[in-house]
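Q: Numbering (the working numbering), first residue to last: 0 to 250.
The set of hints was computed from the structure by calculation and includes no laboratory data.
Model, not experiment: these values are computed from the prediction.
Pairs of lysine to any residue residues, derived as SDA-like cross-links and limited to a Cα-Cα distance of at most 20 Å, are as follows: (1) Lys179 with Gly164; (2) Lys123 with Leu178; (3) Lys123 with Ile135; (4) Lys117 with Ile58; (5) Lys117 with Glu82; (6) Lys61 with Leu92; (7) Lys123 with Ala169; (8) Lys123 with Ser187; (9) Lys179 with Ala162; (10) Lys123 with Lys179; (11) Lys123 with Ser176; (12) Lys123 with Ser170; (13) Lys179 with Glu125; (14) Lys61 with Thr118; (15) Lys179 with Thr202; (16) Lys61 with Asp76.
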Amino acid sequence: MNEPNPTMHNDDERGALAAPDTDDMPNAGDGQTEPSVNPYSLFDNDLGDMTADARRAAIALKRERYIDGELYDIALDNRDAVERSLNNDLLELVVSQRYRIMIAMPVASDDVALRSLKTRVSLKREEAALLAFLRIRVLEYDNARESAEDWLISLEEIRSALATGTGYFASRNDEESVLKQVGAVVSSMCTYGYLERSADDETIYRITPLVPVVLGRELAESWLDIATGGDETATDMDVTDVTDADDKEGE
0 MNEPNPTMHN DDERGALAAP DTDDMPNAGD GQTEPSVNPY SLFDNDLGDM
50 TADARRAAIA LKRERYIDGE LYDIALDNRD AVERSLNNDL LELVVSQRYR
100 IMIAMPVASD DVALRSLKTR VSLKREEAAL LAFLRIRVLE YDNARESAED
150 WLISLEEIRS ALATGTGYFA SRNDEESVLK QVGAVVSSMC TYGYLERSAD
200 DETIYRITPL VPVVLGRELA ESWLDIATGG DETATDMDVT DVTDADDKEG
250 E
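Kindly generate the complete structure, drawing on both the sequences and the hints.
A: So this is what it looks like as structure tokens:
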């Protein structure tokens, strides 16, 4: 009688031996850390570390002359992230709590050789004269406790300030030429963000809160004196160097 061969197995046993338990086998990827998911990612391979709202506020600050309203509140809620983003582009945040606006100003430092994302705005004499006049008007509105939405000024008032009395264009005799020059100055002020055109009347403008933030009262009076002094050879005035220190962090 043949003895059973201990090396022989049935098919089921052979299959069991041939198929090791995969649960106990190490994965090919064991030992390799899977890439973490960026919670701030807005697109593929996004390495950004800011929320969508913070990015929106930072982009607006870099693109616009100033931000207010909802964007001001968003930037305030995400201030650290927004400031880091601005600083990376050599910009610093200027906050006016009084007027509830924010500005991204180019860093002014002799130690920094790089050029910031934004450039400084140099004003011509006539532009500086108008900006100073607008600042004085804002002071009058402030004293009357008028809302910034009501800081209105007419084109005729601007023309009168620049072209009569001691105004910058007062010595010019060509009225048509003066009107064109006044129009050009007003257009520049709109571009710089100091004036906003009225949607209802093309001869009415609103003075923006940017005016008192970038120009203090004493400097405004000084600018008026300089601008009406007739010194055509004096250098242009750099508006970024005259930020109101009282408003840099607000009051």
